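> Sequence:
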Amino acid sequence: MTTTASPPTGPAAASDLHLLSVLETGLPLQLGTPDEPAAYTVPAVFSRQVSQSERARIEDPATARGLCAQIGAPTDGPALRLVVADRRLLIENTTLAQLRDGLAAALAAMLRDLAGDLRTRASERAVAAEALADDERQRAAATHAAVESIRFE
Numbered sequence: 001m002t003t004t005a006s007p008p009t010g011p012a013a014a015s016d017l018h019l020l021s022v023l024e025t026g027l028p029l030q031l032g033t034p035d036e037p038a039a040y041t042v043p044a045v046f047s048r049q050v051s052q053s054e055r056a057r058i059e060d061p062a063t064a065r066g067l068c069a070q071i072g073a074p075t076d077g078p079a080l081r082l083v084v085a086d087r088r089l090l091i092e093n094t095t096l097a098q099l100r101d102g103l104a105a106a107l108a109a110m111l112r113d114l115a116g117d118l119r120t121r122a123s124e125r126a127v128a129a130e131a132l133a134d135d136e137r138q139r140a141a142a143t144h145a146a147v148e149s150i151r152f153e
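Positions 1 to 153 (full-length UniProt numbering) are the ones given, in order, by the sequence shown.
There could be a bad hint or two in this list.
[Said to hold, decoys possible] Computed Cβ-Cβ distance ranges for the label pairs, DEER-style:
no., residue 1, residue 2, range
1, Asp101, Pro78, 16 to 26 Å
2, Arg88, Glu136, 35 to 45 Å
3, Ala38, Gln70, 49 to 59 Å
4, Arg125, Ala14, 19 to 29 Å
5, Ile150, Asp60, 55 to 65 Å
6, Ser149, Asp60, 50 to 60 Å
7, Ala140, Gln49, 51 to 61 Å
Everything labelled a hint here was simulated from the structure, so no lab data went into it.
Bear in mind the structure is a predicted one, so any value in this text is a computation, not a measurement.
No residue lacks a Cβ here, since even glycine has one placed at the ideal position from N, Cα and C.
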């Protein structure tokens, strides 16, 4: 079973991190047998390499807890855990059924929110940097004007 997702749309969407598909070859061989585990790791493929800030937010245990609360996942048993491994997201202690029944959509929404938050923070940093640069230009202009007003006559 391979689950695929459409890439997000809208401005800057092409560079936004999103999940492409479940890596079927990484699933336990016991799926569909009497020995199928109750929960297991499902590997999913990212659209690109994950940045450090994205990784920190994805792997934060609060992210997994929020996803569980959002989909109404049971709180007994091992907790959902998200681990970034190269260009893969290892979704630990879950099942394909949980992903199909809401976890995949919740993960996609979390990644969209993450991208929006990171864009907002980058924009805020750019505005602050421009304000500092403008202050420096004004300071340099004032210094230049002061220097120009001095006459050694």
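> Which constraints among the numbered hints does this structure fail? Numbers only, ascending.
Going through the list in order, the structure violates hints 3, 7 and respects the others.
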